[in-house]
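Numbered per mature numbering (1 follows the signal peptide of the UniProt record, and there is no 0), the sequence shown spans residues -18 to -1, 1 to 238.
Heads up, a few of these hints could be off.
As the list claims (entries may be wrong) - Computed cross-link-like contacts, DSS-like style, restricted to lysine-lysine with a CA-CA straight-line distance of at most 27 Å: (1) 148 to 192; (2) 133 to 6; (3) 44 to 141; (4) 32 to 95; (5) 44 to 238; (6) 144 to 201; (7) 3 to 237; (8) 223 to 141; (9) 50 to 238; (10) 95 to 190; (11) 50 to 237; (12) 6 to 39; (13) 237 to 44; (14) 148 to 190; (15) 50 to 95; (16) 32 to 205; (17) 199 to 144; (18) 39 to 3; (19) 148 to 201; (20) 148 to 205.
FYI, nobody ran anything at the bench for these hints, they're computed from the structure.
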Amino acid sequence: MKRLITIIALLAPALLFAQGKMEKAPVAQEEGTVLEYMTTDKDGKTNLTKQEVISVKDEGGKRIVRIKDLSLTPEETEGIPQELYDNIGTMTYGITENMWYIDLIGYISNMLKASMTVIENEAGVDEMPEDFDFNVDIGESENPVFPISMKPGDALSLKPIKIKIKISIISMSSEITFDRYECTGRETVTVPAGTFDTYIIEEEITNKAKAFGISNKEKEYSKTWYAPGIGNVKSQTLDKKGRVVSESVLNSITKK
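Please work from the sequences and hints to get the whole structure.
Here's what the structure looks like:
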């Protein structure tokens, strides 16, 4: 027992150091934290949304954080089972002492499953295959991994994510390509929720989707201000010429 206590005492500073580094990741990490965002579109219309940190668990040198969107409307989730509803409304983050990631693969898979479920409900049981079961194929896709912090000039080369959901002969697919992910500066920004030291990330993403033989492709441009221990405190969606289409700012931070 004495030896075990000695080992724990020796490890404690290292564990505290690792946890301290985790807390610098741009993700809110205190259970019960509610982040409210105000989004303004190009016409000046505003919309408030909320996110809540619903769980934080440390396991195996990794911290798992789940953040739930509290703003999904009944219309957006109509016909979706509660379990899938919870999954599409919740984003999972993983954090270690030197990196963090978002479980985009799980999130996108659940979104595609939810879409298929709605199709099933609208079509009616008689019109759907009897062996109604999801076959999820992610190939060699991996979730994008980001360093705890970035400095101006840092750029990441991220692998694309390809996901295909199939039910009998019916299939839907989604592909996300990260064309650019670059830190373009550091800035102290003031938003309604307070003043934060941030680093700025500019992204270019290509989204491809295919369902029932119909394909769609969109290019997205964005600029995001990340603060340690908080996450996104300001973000802009841009057009291809760099003009602001909409802007979202952190309106408040509260604790339950």
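Structure-based check of all given hints:
no.: 1; hint: 148 to 192; verdict: holds (12 Å)
no.: 2; hint: 133 to 6; verdict: holds (14 Å)
no.: 3; hint: 44 to 141; verdict: holds (22 Å)
no.: 4; hint: 32 to 95; verdict: holds (24 Å)
no.: 5; hint: 44 to 238; verdict: holds (25 Å)
no.: 6; hint: 144 to 201; verdict: holds (16 Å)
no.: 7; hint: 3 to 237; verdict: holds (22 Å)
no.: 8; hint: 223 to 141; verdict: holds (25 Å)
no.: 9; hint: 50 to 238; verdict: holds (14 Å)
no.: 10; hint: 95 to 190; verdict: holds (17 Å)
no.: 11; hint: 50 to 237; verdict: holds (14 Å)
no.: 12; hint: 6 to 39; verdict: holds (16 Å)
no.: 13; hint: 237 to 44; verdict: holds (24 Å)
no.: 14; hint: 148 to 190; verdict: holds (17 Å)
no.: 15; hint: 50 to 95; verdict: holds (18 Å)
no.: 16; hint: 32 to 205; verdict: holds (20 Å)
no.: 17; hint: 199 to 144; verdict: holds (14 Å)
no.: 18; hint: 39 to 3; verdict: holds (16 Å)
no.: 19; hint: 148 to 201; verdict: holds (25 Å)
no.: 20; hint: 148 to 205; verdict: violated (34 Å)
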